[in-house]
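Heads up: the sequence lines are chains B and C, in that order. Each residue of the first sequence is one higher than the last, beginning at 1 in my numbering. Each residue of the second sequence is one higher than the last, beginning at 1001 in my numbering.
No wet-lab data here; the hints were simulated from the structure. This structure is a prediction, so every number in the text was calculated from the model and none was measured. Keep in mind that the hints are not guaranteed to be accurate.
Here chain C is said to cover these stretches of chain B; the calculated rule only asks that three of the stretch's residues, wherever they fall, bring their Cβ under 8 Å from a Cβ of chain C [what the hints assert, rightly or not]:
id, region
1, 39-51
2, 89-102
3, 126-137
Ideal Cβ placement from N, Cα and C applies to all residues, glycine included.
Below, each chain spelled out in residue letters.
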Amino acid sequence: MPDQSLDATAQTQVAAERKIRVIVAKPGLDGHDRGAKVIARALRDAGMEVIYTGIRQTPAMIVEAAIQEDADAILLSILSGAHMALFPKIMELLRAQGAEDILVVAGGILPDEDIPAIEAIGIKGNFGPGTSTQDIIAFVRANVKPERLAQPLPPLRTGGVAVDEPARGAQA
Amino acid sequence: MLDDLIARLTAGDRRALARMVTLVENNDPASRAALAQLHALGGKAHIVGVTGSPGAGKSTLVMQLVRELRRRDQRVAIVAVDPTSPFTGGAILGDRIRMQDLVGDPNVYIRSMASRGSVGGLSSATRDAVRVLDAAGFDTIIIETVGAGQAEVEIVRAAQTIVVVTVPGMGDDIQALKAGILEIADCFCVNKADRPGADQAAAELRMLLSLDTQRDKDAWKPPILKTTAATGAGVPELADALGRHLAYLRESGQIVVRGERQARSEILALLYQALLAKLGATLGPAHFDQIVAAVAARQSDPYSAASVIARALGIALPSEDDATG
């Protein structure tokens, strides 16, 4: 283990400390999250900060989490086959927020014939079963936009994320 | 760009708010100037720290507390800190999982932060993140620390009201809390109070508090509340207690005392960083490693080594300088 104080010295000298922040989310209704957890753990071990949202996420929940957490990337794990219903909605909500600079990567059970359509809406990676976690780490590192923090944000939208449905359990 | 971000985050733009938090969390040099402006804008929020052992139910309790504060029409922000791996620098931030019910409410903002090598259950950037949220006009800002056990009392340097969460069945562990976390609590929650032993845990806490002579000088008696975060039972009482404590802080002038305590520790922490930076620049890590190795090999001792380094920095160790106050 390196000495703590010297770590601190080194950090102070370089001043800024940029960490890749990613959301790992499971959209839709399938509850099989072992794959998502393996990915989350692998990204953590690669030095990234992983915000794990858990299962049964709506597109609005995922996009709102990404906005609030200022994530560099969203990793979607889906096994249920509902990707063609959910993915376009996620991309639409991101666009509505002017958040196209966030990398969106998908993985899980994605039939080959759907992949062109998924890629056409701007979702990258599209990793299937058997993909090495190292490949996913390398892909995220290569595709997040390191300069996004220095760029001005798109014009003001007051009042937060436009939500297409009430949150579960929200009440007055 | 920073001025634009400040204007927008104070107007309620969540992307600007999130971006500013990222910049201060990354210790981005440009954010320093923004922090000066943000500090001037803040000072209105009630800053509540929630701490306690891992698995005590902090995240769930915070979620329920926020729902209650929303019923009272407050705007609420949450900073949830989870640990950074000391080996890889990565982190899994999972507090959002238990806060799903709050998603979709534009008057709630949740931010996960990694502890990034700090000790005491608090990220060193947490205070700056809170400064941003304060300037953004939230009524209450809740800081949820990493699961903390005994001496992780850093939270007192960031929050005005400290909630310590414990659970029944900790038995002698409550005794162990005595010297650390017990002393910083402004309010206790015995969470999971639907489990056996909740009354006993509350009674033990009451007994320990009665032994604390320091507390006698204080007009504030920390309430001991029984909560069940899973159902929300006891949470309105918690929200009431937080309100009463804030009123006490204001009436007693303690709010100024606490503010000054925080300011003092922040200034000293920054000076300490600057000193470490100067140390790095003066000696270089390699030279420092040599000195460390010499002390470890017992060719030198920590006091002599520190004395030599201090002289190189143009200062003296306190023991060598009688004029030190």
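Handout entry: Hint numbers contradicted by this structure
Key = 3
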